[in-house]
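Colleague: Which chain is which? The protein sequence lines are A, B, C, D, E and F, in order.
Counted from 1, the first sequence has number 48 at position 48 by my numbering; the numbering is strictly sequential.
Counted from 1, the second sequence has number 37 at position 37 by my numbering; the numbering is strictly sequential.
Counted from 1, the third sequence has number 49 at position 49 by my numbering; the numbering is strictly sequential.
Counted from 1, the fourth sequence has number 2 at position 2 by my numbering; the numbering is strictly sequential.
Counted from 1, the fifth sequence has number 40 at position 40 by my numbering; the numbering is strictly sequential.
Counted from 1, the sixth sequence has number 5 at position 5 by my numbering; the numbering is strictly sequential.
Simulated from the structure, these hints should not be mistaken for laboratory data.
No residue lacks a Cβ here, since even glycine has one placed at the ideal position from N, Cα and C.
There's no promise every hint is true.
Claimed, not checked - Here's a subset of chain E near chain F, in silico, CB distances under 10 Å, partners left out:
id	residue
1	Val4
2	Pro15
3	Lys18
4	Leu21
5	Thr39
6	Thr40
7	Val54
8	Gly55
9	Gly56
10	Ile59
11	Thr60
12	Val61
13	Gln64
Spelled out, the chains give:
Number of protein chains: 6
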Amino acid sequence: MPYVNIKITREGATPEQKAELIRGATQLLVDVLDKNPNTTVVVIDEVETDNWGVGGETITVRRQRE
Amino acid sequence: MPYVNIKITREGATPEQKAELIRGATQLLVDVLDKNPNTTVVVIDEVETDNWGVGGETITVRRQRE
Amino acid sequence: MPYVNIKITREGATPEQKAELIRGATQLLVDVLDKNPNTTVVVIDEVETDNWGVGGETITVRRQRE
Amino acid sequence: MPYVNIKITREGATPEQKAELIRGATQLLVDVLDKNPNTTVVVIDEVETDNWGVGGETITVRRQRE
Amino acid sequence: MPYVNIKITREGATPEQKAELIRGATQLLVDVLDKNPNTTVVVIDEVETDNWGVGGETITVRRQRE
Amino acid sequence: MPYVNIKITREGATPEQKAELIRGATQLLVDVLDKNPNTTVVVIDEVETDNWGVGGETITVRRQRE
Numbered sequence: 001m002p003y004v005n006i007k008i009t010r011e012g013a014t015p016e017q018k019a020e021l022i023r024g025a026t027q028l029l030v031d032v033l034d035k036n037p038n039t040t041v042v043v044i045d046e047v048e049t050d051n052w053g054v055g056g057e058t059i060t061v062r063r064q065r066e
Numbered sequence: 001m002p003y004v005n006i007k008i009t010r011e012g013a014t015p016e017q018k019a020e021l022i023r024g025a026t027q028l029l030v031d032v033l034d035k036n037p038n039t040t041v042v043v044i045d046e047v048e049t050d051n052w053g054v055g056g057e058t059i060t061v062r063r064q065r066e
Numbered sequence: 001m002p003y004v005n006i007k008i009t010r011e012g013a014t015p016e017q018k019a020e021l022i023r024g025a026t027q028l029l030v031d032v033l034d035k036n037p038n039t040t041v042v043v044i045d046e047v048e049t050d051n052w053g054v055g056g057e058t059i060t061v062r063r064q065r066e
Numbered sequence: 001m002p003y004v005n006i007k008i009t010r011e012g013a014t015p016e017q018k019a020e021l022i023r024g025a026t027q028l029l030v031d032v033l034d035k036n037p038n039t040t041v042v043v044i045d046e047v048e049t050d051n052w053g054v055g056g057e058t059i060t061v062r063r064q065r066e
Numbered sequence: 001m002p003y004v005n006i007k008i009t010r011e012g013a014t015p016e017q018k019a020e021l022i023r024g025a026t027q028l029l030v031d032v033l034d035k036n037p038n039t040t041v042v043v044i045d046e047v048e049t050d051n052w053g054v055g056g057e058t059i060t061v062r063r064q065r066e
Numbered sequence: 001m002p003y004v005n006i007k008i009t010r011e012g013a014t015p016e017q018k019a020e021l022i023r024g025a026t027q028l029l030v031d032v033l034d035k036n037p038n039t040t041v042v043v044i045d046e047v048e049t050d051n052w053g054v055g056g057e058t059i060t061v062r063r064q065r066e
């Protein structure tokens, strides 16, 4: 029954990568806590770089400096 | 003052259906806990089927099998 | 597969009332969007009144004024 | 290490305004709790007015009445 | 910079198991999306079984039937 | 109508500090986006240091090293 929410910036994660995140997070709950994978829900949120901040500035600004 | 967040897959819910979810969730808090509807907030997130997983696989894959 | 999160202040909701919220929210998704209740998850968070604010002040302060 | 999530309706907030929210929320955690800004994360969600409800009705309906 | 939130029922997960969830979720983001582990945040919420519902009933009720 | 969720580790924030976070976050939304403070909701979650991870390890472990 676990619920996992993964938030990442929207920077080109492919459907295959997102499927891997879902598979991996589900397996993690099975391995560590013996949870039932059939009722484990994983939701991925992809967030615009303008809408994500670290250190008081947006990821958009950070990426420009990199 | 309650806050309700409803996450569903993005598969064509209409504005009317979403308005019904908002109305119904607000009424539920009034009926069960006598909450003030005027300060009850409901937020609906519609999530791409590639970004939602159950049983370790995406809803996109599940829908193809159905 | 929907996921519903209900946040309320911790002010004495009983197990019966919380069971009613879970039943009602699940039924709402069935009625409005024909979702499968068996994979509908509802999580209730009860938040201390010191940790919830509206209008820039805590619910603790608001309750004292009422 | 704090994590701040700000949910607003999608009604034209500019990148500059969102950068200000990120800067201001980060500074708030520094000022009040002496948190390290470099590990403070702020995520802004912009929600369609059809998907946000108060008082049992959508913001879309409320805006039309205003 | 990813943020992962894992919600599980409060049913005796040990500090070691929770540390494993944190380690595993962080590594998953490194492996799949090459994210920087030093800015990857994982938050685990443990939810009372009275406050978690599936299929319209609480986990407390489900556990009694098992 | 904005909704702000602030997650911090549970390490002794006082009611006064939490009231300041609520006041400050509400004022931020007023200043930047001209939002109505009376319908701005702020919820603070205090998370055990065993349940919060950065860099793949818990805050409990990090604090012991500091």
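Colleague: Using 10 Å as the Cβ threshold, decide whether E:Leu21 counts as touching chain F.
Modeller: 8 Å, holds
Colleague: Please verify that hint: E:Lys18, Cβ, nearest Cβ of chain F, below 10 Å or not.
Modeller: With a minimum Cβ separation of about 6 Å from chain F (threshold 10 Å), the hint on E:Lys18 holds.
Colleague: Please verify that hint: E:Ile59, Cβ, nearest Cβ of chain F, below 10 Å or not.
Modeller: This interface hint is violated because 19 Å lies over the 10 Å limit.
Colleague: Would the hint on E:Val54 stand, with a C-beta cut-off of 10 Å toward chain F?
Modeller: 22 Å, violated
Colleague: Would the stated hint for E:Thr39 survive a check requiring a Cβ distance to chain F of less than 10 Å?
Modeller: 8 Å, holds
Colleague: Please check whether E:Gly56 passes as an interface residue: C-beta within 10 Å of a C-beta belonging to chain F.
Modeller: 26 Å, violated
Colleague: Taking the closest Cβ pair, is E:Gly55 under 10 Å from chain F?
Modeller: Constraint on E:Gly55 not satisfied, violated at 27 Å.
Colleague: Given a cut of 10 Å on the nearest C-beta pair, is the interface hint for E:Pro15 held or broken against chain F?
Modeller: 5 Å, holds
Colleague: Does E:Thr60 pass the interface check with chain F, least Cβ-Cβ distance below 10 Å?
Modeller: Hint on E:Thr60: violated, closest Cβ of chain F at ~21 Å, above 10 Å.
Colleague: Given E:Val4 was flagged as interface, is its beta-carbon under 10 Å from a beta-carbon of chain F?
Modeller: OK, holds: E:Val4 within 10 Å of chain F, min 9 Å.
Colleague: With a cut-off of 10 Å, does the beta carbon of E:Val61 approach a beta carbon of chain F closely enough for the hint to hold?
Modeller: 26 Å, violated
Colleague: For the hint on E:Thr40, just tell me whether its beta-carbon gets within less than 10 Å of chain F.
Modeller: Holds - the Cβ of E:Thr40 comes within 10 Å of chain F, reaching about 7 Å at its closest.
Checked against the numbered hints listed earlier, the structure breaks hints 7, 8, 9, 10, 11, 12 and 13; every other hint is satisfied.
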